[in-house]
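Asker: Each chain, letter by letter, is given below.
2 protein chains.
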Amino acid sequence: MDNRKLNIVRFVSVDGMMKLILKRGVEQVLTELAAHIEADFRRWQHFDKTPRLASHSTDGVIELMPTSDGGQYAFKYVNGHPKNTRDGRQTVTAFGVLADVETGYPLLLTEMTILTALRTAATSAVAAKHLASPGARTMALIGNGAQSEFQALAFKALIGIDRLRLFDIDPAASSRCARNLARYGFAIEICRSAEAAVLGAEIITTVTADKANATILTDNMVGAGVHINAVGGDCPGKTELHADILKRSDIFVEYPPQTRIEGEIQQLAADHPVTELWRVIAGEEAGRRNPRQITLFDSVGFAIEDFSALCWLAGEIDRTGLFEELDLLADPDDPRDLFGMLLRAEAA
Amino acid sequence: MDNRKLNIVRFVSVDGMMKLILKRGVEQVLTELAAHIEADFRRWQHFDKTPRLASHSTDGVIELMPTSDGGQYAFKYVNGHPKNTRDGRQTVTAFGVLADVETGYPLLLTEMTILTALRTAATSAVAAKHLASPGARTMALIGNGAQSEFQALAFKALIGIDRLRLFDIDPAASSRCARNLARYGFAIEICRSAEAAVLGAEIITTVTADKANATILTDNMVGAGVHINAVGGDCPGKTELHADILKRSDIFVEYPPQTRIEGEIQQLAADHPVTELWRVIAGEEAGRRNPRQITLFDSVGFAIEDFSALCWLAGEIDRTGLFEELDLLADPDDPRDLFGMLLRAEAA
Numbered sequence: 001m002d003n004r005k006l007n008i009v010r011f012v013s014v015d016g017m018m019k020l021i022l023k024r025g026v027e028q029v030l031t032e033l034a035a036h037i038e039a040d041f042r043r044w045q046h047f048d049k050t051p052r053l054a055s056h057s058t059d060g061v062i063e064l065m066p067t068s069d070g071g072q073y074a075f076k077y078v079n080g081h082p083k084n085t086r087d088g089r090q091t092v093t094a095f096g097v098l099a100d101v102e103t104g105y106p107l108l109l110t111e112m113t114i115l116t117a118l119r120t121a122a123t124s125a126v127a128a129k130h131l132a133s134p135g136a137r138t139m140a141l142i143g144n145g146a147q148s149e150f151q152a153l154a155f156k157a158l159i160g161i162d163r164l165r166l167f168d169i170d171p172a173a174s175s176r177c178a179r180n181l182a183r184y185g186f187a188i189e190i191c192r193s194a195e196a197a198v199l200g201a202e203i204i205t206t207v208t209a210d211k212a213n214a215t216i217l218t219d220n221m222v223g224a225g226v227h228i229n230a231v232g233g234d235c236p237g238k239t240e241l242h243a244d245i246l247k248r249s250d251i252f253v254e255y256p257p258q259t260r261i262e263g264e265i266q267q268l269a270a271d272h273p274v275t276e277l278w279r280v281i282a283g284e285e286a287g288r289r290n291p292r293q294i295t296l297f298d299s300v301g302f303a304i305e306d307f308s309a310l311c312w313l314a315g316e317i318d319r320t321g322l323f324e325e326l327d328l329l330a331d332p333d334d335p336r337d338l339f340g341m342l343l344r345a346e347a348a
Numbered sequence: 001m002d003n004r005k006l007n008i009v010r011f012v013s014v015d016g017m018m019k020l021i022l023k024r025g026v027e028q029v030l031t032e033l034a035a036h037i038e039a040d041f042r043r044w045q046h047f048d049k050t051p052r053l054a055s056h057s058t059d060g061v062i063e064l065m066p067t068s069d070g071g072q073y074a075f076k077y078v079n080g081h082p083k084n085t086r087d088g089r090q091t092v093t094a095f096g097v098l099a100d101v102e103t104g105y106p107l108l109l110t111e112m113t114i115l116t117a118l119r120t121a122a123t124s125a126v127a128a129k130h131l132a133s134p135g136a137r138t139m140a141l142i143g144n145g146a147q148s149e150f151q152a153l154a155f156k157a158l159i160g161i162d163r164l165r166l167f168d169i170d171p172a173a174s175s176r177c178a179r180n181l182a183r184y185g186f187a188i189e190i191c192r193s194a195e196a197a198v199l200g201a202e203i204i205t206t207v208t209a210d211k212a213n214a215t216i217l218t219d220n221m222v223g224a225g226v227h228i229n230a231v232g233g234d235c236p237g238k239t240e241l242h243a244d245i246l247k248r249s250d251i252f253v254e255y256p257p258q259t260r261i262e263g264e265i266q267q268l269a270a271d272h273p274v275t276e277l278w279r280v281i282a283g284e285e286a287g288r289r290n291p292r293q294i295t296l297f298d299s300v301g302f303a304i305e306d307f308s309a310l311c312w313l314a315g316e317i318d319r320t321g322l323f324e325e326l327d328l329l330a331d332p333d334d335p336r337d338l339f340g341m342l343l344r345a346e347a348a
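So the protein lines, in turn, are chains Z and C. For the first sequence, the residue numbers in this note's numbering are 1 to 348. For the second sequence, the residue numbers in this note's numbering are 1 to 348.
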C-alpha cells in the first residue's frame, strides 16, 4: 500500500460488490467470510468492543458499529427502517470503512447492504456449525425477505442444509425466495404457517423485520434437539420469540452488553445466563452438549463480524483490482499547509 | 429530493470541496458556517447528544461523532495522529455523512478535512463574538499549522480581527502562515516566543497539535480582559494551558460530558463550574460580564458543529450542483429481493 496516492480511499460500489461476489460465487464468498469470522471470534480478546451507537427514531434506527484489533479499525453505518419497503427502499442499508490504526487513514469505503446480508448469514452458519445437531439437513426459514436466501446458502455451504421449509406472512415473499434458490439444489417446501414450517426442522431460522415485540415462535412449536437461529430480533422492542422458549434454551450470543439491550434476551432478567459464542469457537466452552438440548443463537450482529467482512473485502480487491478510487482525503504538498492547498487550487 | 435515484448518495470530493469554497470565497463560507452553527447552538436542546466514540491507540485516535435533530442525522469520522506529518500525511483527516432520519438513508458523503478546519474556525469565532472584548483587533495565534489560517480568517470575517501575532516552535510554519494570509489585509508580526506573541493581544488562540500535556501558556502570560480560544487540547492527555490559567478564567465549553474528558478542563475537578456556550448564544447565560474578566473557550469540537456544516454543504450542492454521484446503496427492483438483484446482475 506504500505507493498509494494519499488522497485516495478505495471504494467498492454496489455494482462493484455484485461483480466481486458473482466472480467468486456466493457460496464461496459465504465460506470465506465464515472463515474470517471464525478466525476473528477466536481472537475475540484482541478487539476493542463497545455496544453499537444507536440513534432511534419513530420509524427506525441508525447505528454506528466500530471496532478495532489495534492494527485496523472498522466501522459500519447501518439503518433499520421496516416501513422503508413501502416506498421502494431497503429496510436495512449499510456502508462501511476499514482504516489503518497507525495513521488513522481510511483505506476502504464500501457498500455494505449486500455485504451485511452475507456476513450475517455467514455468522449464523458459523454458530450453527458449533450448536446445531450434527448432520442436520432441514431448516425452517421464517421470514422470507432480503436476508432469507443468504441464510439458506450459508447453511448449505457451511453445514450441508439442503431442505428448506419456508414461511412468510406474505406468500409472495416465500415464492420469490423459492424461485431465487431454485438453482442451488435445495428441496424447498412453502408452508402456510410458522407451525407448519418448523415440522421436522432441525434448525429454525427466524428473520422477520417488524420493529415490534412479535411472537413468531411459541413454546409448543419448538421440539427437543432443535437449534434456533434468531436473527430478526435486533433492537430494543423488536423480538421474535416467546420468552418461554428462551427459558428452555441454552442461549449463545455475540456480545452480551449489546445483546441484552437488543436481542431476544431483552425479555429476560439482566443476569440470565448466556454463553458468548466466541468462547465456544475458541474451545473454552461447550456448544451443543446433548441431542435433546435446545440451542439458541440470539443474533443481533456485532461490529467484529463487519470487521471480518471488511478485511475479507480488502484482500479481495487487492487481488482482483475491483475497486474505484475516491478523492476523499485532503493531501496538500506540505501536510501542515492545508490552507495553501486551497490557494494553489485557486491559482491553478 | 423525490426523483433521486435510490442507489445514489451525493458525494463531495476534496477537489469538489475546494471548488465550492473558492467559488464562494473562504470568508463568505466561514460567515455562512458561523450562522448555521449559531442557529443550531440556539436550538441545542433539539439535538441528540453523546460524547464522541473514540478509539485510542499509541499514536492517535479515531473518532465517530454522531448527532441528530430528529429530521436529519449526521456523523463524522475523524482521526488525530500528530506523527502523521512525518510521512506527508495530515494530522487530522475527516469525512462525514448526512442522512435522513425518516428513512435512515444517507443523503450526502463528503470530505471533511477541509470542512472541519472551516467549522472549527467558525465555531471559535462565534464563541469569541460572545466572549471577547468588544472591538478586539489583535489576536495571538500560537501554533501555525493546518488550522491557523482558517482561525485567522474566521476571526477577521466575524469579529474584525486584523492584527495577528504568530508563534510556532517551527519558524517555517509561522512564515508559511504569514505568506498564506498576505493577501487578506492583516497586519502580521511573527514572534520569537509565545510570551512575545501574547503581548497586546486581546485574543489568544492556541492551536498546537502535540498529543501531550503541554504548557503553551503559563499563568503570568495572560493579562486581564483577554479571551483565550483554546483549540489544540482536544483529547485525554492533550492539553495546552497551565491549570492556573483555567482557575482564573470563566470557562465556556461545547458539551460538558465530552469536554471534561478531552478539553483543557480535564486538568480540573470534575465539578469545576463551566458555562455551556449554547446558553450564552441563546441568551440564557451571560458571556463577557466585565472588561477585566478572562474568558476561555475550551474548544474540543462537537458533533453539532459538523451537523451544521453538513447542512450548509447540502444546501450549497443543491444550489450549485457541485457534487458527484456515488452508487452506495443497494436498490433492487423489489426492495425485499436483495438476492434477486445479484441473480439479475449475473444474468445481465
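Quick caveat, the hints were computed from the structure, so don't treat them as lab data. Possibly wrong hints are sitting among the right ones.
In silico DSSO-like cross-links for lysine-lysine, where the CA-CA straight-line distance does not exceed 30 Å [what the hints assert, rightly or not]:
{"no.": "1", "chain 1": "C", "residue 1": "K49", "chain 2": "Z", "residue 2": "K83"}
{"no.": "2", "chain 1": "C", "residue 1": "K19", "chain 2": "C", "residue 2": "K129"}
{"no.": "3", "chain 1": "C", "residue 1": "K5", "chain 2": "Z", "residue 2": "K49"}
{"no.": "4", "chain 1": "Z", "residue 1": "K23", "chain 2": "C", "residue 2": "K5"}
Reference listing, derived: stretches of chain Z covered by chain C, where coverage requires no fewer than 3 residues with Cβ under 8 Å from a Cβ of chain C [as the list claims (entries may be wrong)]:
{"no.": "5", "region": "48 to 56"}
{"no.": "6", "region": "240 to 254"}
Positions of the beta carbon are idealized from the N, C-alpha and C atoms, including for glycine.
Asker: Which hint numbers doesn't this structure obey?
Answerer: Structure breaks hints 3 and 6.
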